[in-house]
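Chemist: Listed below, chain by chain, are the residues.
There are 2 protein chains.
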Amino acid sequence: MEQLTRRKTREIKIGKVRIGGKFPIAVQSMTKTDTRDTCSTINEIKKLEEVGCEIVRVAIPDEVAAKNLKNIKKEISIPLVGDIHFNYKLALMAIDSGVDKIRINPGNIGEEYKIIEILKAAKSAKIPIRIGINSGSLEKYIYKKRHESSIEVAKKMVSKALSFIRLFEKNKFFDIVLSLKASDTLTTINAYRLLAEKCNYPFHIGITEAGTLLPGTIKSSIGIGILLSEGIGDTIRVSLASSPLNEVRVGYEILKTLKLRKRGVDLIVCPTCGRCEIDIFKIAEEIEKNTLHITKPLKLAVMGCSVNGPGEAKEADLGLAGGKKLGIIFKFGKIIKKVREEDLIKEFLKELRKIY
Amino acid sequence: MEQLTRRKTREIKIGKVRIGGKFPIAVQSMTKTDTRDTCSTINEIKKLEEVGCEIVRVAIPDEVAAKNLKNIKKEISIPLVGDIHFNYKLALMAIDSGVDKIRINPGNIGEEYKIIEILKAAKSAKIPIRIGINSGSLEKYIYKKRHESSIEVAKKMVSKALSFIRLFEKNKFFDIVLSLKASDTLTTINAYRLLAEKCNYPFHIGITEAGTLLPGTIKSSIGIGILLSEGIGDTIRVSLASSPLNEVRVGYEILKTLKLRKRGVDLIVCPTCGRCEIDIFKIAEEIEKNTLHITKPLKLAVMGCSVNGPGEAKEADLGLAGGKKLGIIFKFGKIIKKVREEDLIKEFLKELRKIY
Chain A
2 MEQLTRRKTR EIKIGKVRIG GKFPIAVQSM TKTDTRDTCS TINEIKKLEE VGCEIVRVAI
62 PDEVAAKNLK NIKKEISIPL VGDIHFNYKL ALMAIDSGVD KIRINPGNIG EEYKIIEILK
122 AAKSAKIPIR IGINSGSLEK YIYKKRHESS IEVAKKMVSK ALSFIRLFEK NKFFDIVLSL
182 KASDTLTTIN AYRLLAEKCN YPFHIGITEA GTLLPGTIKS SIGIGILLSE GIGDTIRVSL
242 ASSPLNEVRV GYEILKTLKL RKRGVDLIVC PTCGRCEIDI FKIAEEIEKN TLHITKPLKL
302 AVMGCSVNGP GEAKEADLGL AGGKKLGIIF KFGKIIKKVR EEDLIKEFLK ELRKIY
Chain B
2 MEQLTRRKTR EIKIGKVRIG GKFPIAVQSM TKTDTRDTCS TINEIKKLEE VGCEIVRVAI
62 PDEVAAKNLK NIKKEISIPL VGDIHFNYKL ALMAIDSGVD KIRINPGNIG EEYKIIEILK
122 AAKSAKIPIR IGINSGSLEK YIYKKRHESS IEVAKKMVSK ALSFIRLFEK NKFFDIVLSL
182 KASDTLTTIN AYRLLAEKCN YPFHIGITEA GTLLPGTIKS SIGIGILLSE GIGDTIRVSL
242 ASSPLNEVRV GYEILKTLKL RKRGVDLIVC PTCGRCEIDI FKIAEEIEKN TLHITKPLKL
302 AVMGCSVNGP GEAKEADLGL AGGKKLGIIF KFGKIIKKVR EEDLIKEFLK ELRKIY
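Protein chains in written order, with my numbering: chain A, 2 to 357; chain B, 2 to 357.
A few of these clues could be false.
You can't tell identical chains apart in this list, so a pair holds if it fits in one copy or across any two.
Said to hold, decoys possible - Dumping the calculated DSS-like pairs for lysine-lysine here, alpha-carbon to alpha-carbon at most 25 Å:
hint, residue 1, residue 2
1, Lys315, Lys156
2, Lys171, Lys339
3, Lys48, Lys351
4, Lys156, Lys260
5, Lys157, Lys290
6, Lys283, Lys315
7, Lys339, Lys325
8, Lys115, Lys339
9, Lys351, Lys300
10, Lys9, Lys75
11, Lys157, Lys335
12, Lys71, Lys156
13, Lys17, Lys74
14, Lys347, Lys260
15, Lys199, Lys156
16, Lys355, Lys339
17, Lys68, Lys325
18, Lys157, Lys257
19, Lys290, Lys355
Rather than coming from a laboratory, the hints here were simulated on the basis of the structure.
One chain only, chain A, in its complex shape (with noise of 0.2 Å):
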């Protein structure tokens, strides 16, 4: 798994940004602010920039919205994605305020001929389209009862997507992503499977609506690291209802502990027992606070004890074990020091500046 193979899948450029192909997984998220507010989604969006978000992706729901992305594009520095349901306008106007994809789900857009347009648009412009089927969103085409298994909807699911896709092509419109997103991990998880074996357009994986920030993340990390340990997705996007922000960390984890991207740091700690001689949690969380800004690929490692504290301890960049109120101090797999609990957290991070 560590040579894990991805699945082959053509290349797609969104601005300056590629994905598809041999390019890594690229990080995406979507702002919270209202779309009109063009102060607050600017913001937003450098936020984003700063913790690694590689493109984003904006709601249009009016047409003040759409003519904002002109100025929104302006002061930012990662591609844009225009987000438009039900009316294909907005899916024009968007294009030609400049965005660098859109996303639509062509479920919800209405007769064909105003699909159509959309596809004109976007191949004069040379931008591509992400088809974003939703199981919430389909529910008409999609559902014909509720509680449907989770392998009936994912096949409900691919046929609608396979018929775009095959809208798409009869109109020389190649440049596609796709995505298949449901609230229900498993019917994500065989929705992207069977659509893998079925074309080679490079898809956007997710779990929608995953939730508040613990349980969201505990379904995203599975969802997603599962189809990714199997080489399917090209970008990720982690919906969670919280901070935009949280949702790229979230999504750097994932693909940190896959090995599929480095980024900053991997922080080992151990979860403490009864053996436990020194206030291992505070000593974690101190480092933890003091490091999310590092993007340098670090592994720390902070244990309490000589069971596998010594061992860990070693195998990492900077570790620490501790011991009866003292801790060891390891870098680069050697004893540099030994301290006191006290001086622990402040002789560790003047370690750790020395490194990144």
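Please build the complex by placing chain B on the supplied structure of chain A, with the hints as guidance.
Modeler: Structure of chain B alone, referenced to chain A:
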């Protein structure tokens, strides 16, 4: 994947709980209190029981702790597991104190006769033993150099596990549970996958020293999630540098996501975007806080707008779809009322109380 095929494993009895075979995947945790402190340890275990912990482990660093197990066991309702390192006499004392299972890492117990003494005592007490291989505590045997590939480390862990299994079997001891934890998620996954092909003993799975709450939850969800999705795993422990109650909560969320256990609320929440006109985060947070104690399986949806809102709200047992400063409440797929934003939380919780 909905009818996921579990690996065929031997059934093992841990006090009143059975794992392996077709028994539900049990959720366990470990106390973080000093095992010599009877009152704190019992209190922590009672809180763990309340949130659904099914097996609890305590560290036994010395004789006082080993003897104190008697006092702890008297007051608790779930099986008690003793965790022993280095000193085989502590294992004998723990068995004498009436533990329901012991966990040892035979690699740090010393000479073979000491391990055999433990096997004899466990056999006569009719309790199982977990062979707990941990990459961090076996570095002398397992690691040849720093930064070996995850597949290499996994192979060494498995070969060590197999040698201990042979020793146990030679001594006619078959009441075995196995774990092969590493702080690296891919190493852990690879190790369990390899060992799954070589024996039919049940597995205790988890990522060791996974980290603080959020990153630790991500690594655990991916590692445990991937293994469970392949049918591997008979009991799980999420190792977090956080309250053990969070370990149990995360454990159940993982099992619920994969539809392997049912317990409490599944809260679908839209992540919100520029389309949202009510304060979804506040509503979701309040609902989350007020539903953590519910054990009846219920699907709730809190959605912001008309794109996916009505679809998801209809699928839920109780759902809420926001509009302009108001929300519509759905119950079992039908609209039951339209409520002003300021009354939404109260009305939603009122309806919820009627169904749990």
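Chemist: Next step is simple, just say for each hint if it's right about the structure.
Modeler: Against the structure, the hints:
1. For the homomeric pair Lys315 and Lys156, the shortest alpha-carbon distance between copies (20 Å) is at most 25 Å, but the shortest distance inside one copy (49 Å) is not.
2. In this assembly of identical chains, the alpha carbons of Lys171 and Lys339 never lie at most 25 Å apart, being 70 Å within a copy and 44 Å across copies at closest.
3. When the C-alpha separation of Lys48 and Lys351 is checked against a cutoff of 25 Å, the pair qualifies neither within a copy, at 27 Å, nor between copies, at 38 Å.
4. Taking the shortest alpha-carbon separations for Lys156 and Lys260, only the inter-copy value of 19 Å comes in at or below 25 Å, while the best intra-copy value is 31 Å.
5. Taking identical chains as interchangeable, the C-alpha atoms of Lys157 and Lys290 are never at most 25 Å apart, the minima being 44 Å within one chain and 35 Å between chains.
6. Taking identical chains as interchangeable, the C-alpha atoms of Lys283 and Lys315 lie at most 25 Å apart only when both belong to the same chain, with a minimum of 21 Å there against 44 Å between chains.
7. When the C-alpha separation of Lys339 and Lys325 is checked against a cutoff of 25 Å, the pair qualifies only within one copy, where the shortest distance is 12 Å, while the shortest distance between copies is 61 Å.
8. For a Cα distance limit of 25 Å, the shortest separation of Lys115 from Lys339 qualifies neither inside one copy, at 70 Å, nor across copies, at 33 Å.
9. In the homo-oligomer, the alpha carbons of Lys351 and Lys300 lie at most 25 Å apart inside one protomer (16 Å), although the nearest pairing across protomers, at 48 Å, exceeds that limit.
10. Taking the shortest Cα distances, Lys9 and Lys75 never come within 25 Å of each other, neither inside one copy (34 Å) nor across copies (59 Å).
11. For a Cα distance limit of 25 Å, the shortest separation of Lys157 from Lys335 across copies, 23 Å, qualifies, whereas the shortest one inside one copy, 57 Å, does not.
12. When the C-alpha separation of Lys71 and Lys156 is checked against a cutoff of 25 Å, the pair qualifies neither within a copy, at 39 Å, nor between copies, at 55 Å.
13. Only within a single protomer do Lys17 and Lys74 lie at most 25 Å apart by alpha-carbon distance; the minimum there is 13 Å, versus 62 Å between protomers.
14. For the identical chains of this complex, Lys347 and Lys260 are neighbours neither inside a copy (30 Å) nor across copies (45 Å), given an alpha-carbon limit of 25 Å.
15. Proximity of Lys199 and Lys156 under a CA criterion of 25 Å is satisfied intra-copy only: 12 Å inside one chain copy versus 35 Å between copies.
16. For the homomeric pair Lys355 and Lys339, the shortest alpha-carbon distance inside one copy (18 Å) is at most 25 Å, but the shortest distance between copies (59 Å) is not.
17. Taking the shortest alpha-carbon separations for Lys68 and Lys325, only the inter-copy value of 22 Å comes in at or below 25 Å, while the best intra-copy value is 64 Å.
18. Taking CA atoms no more than 25 Å apart as the test, Lys157 paired with Lys257 passes between copies only; the shortest distance there is 23 Å, against 33 Å inside one copy.
19. When the C-alpha separation of Lys290 and Lys355 is checked against a cutoff of 25 Å, the pair qualifies only within one copy, where the shortest distance is 18 Å, while the shortest distance between copies is 42 Å.
The earlier numbered hints that this structure contradicts are 2, 3, 5, 8, 10, 12, 14.
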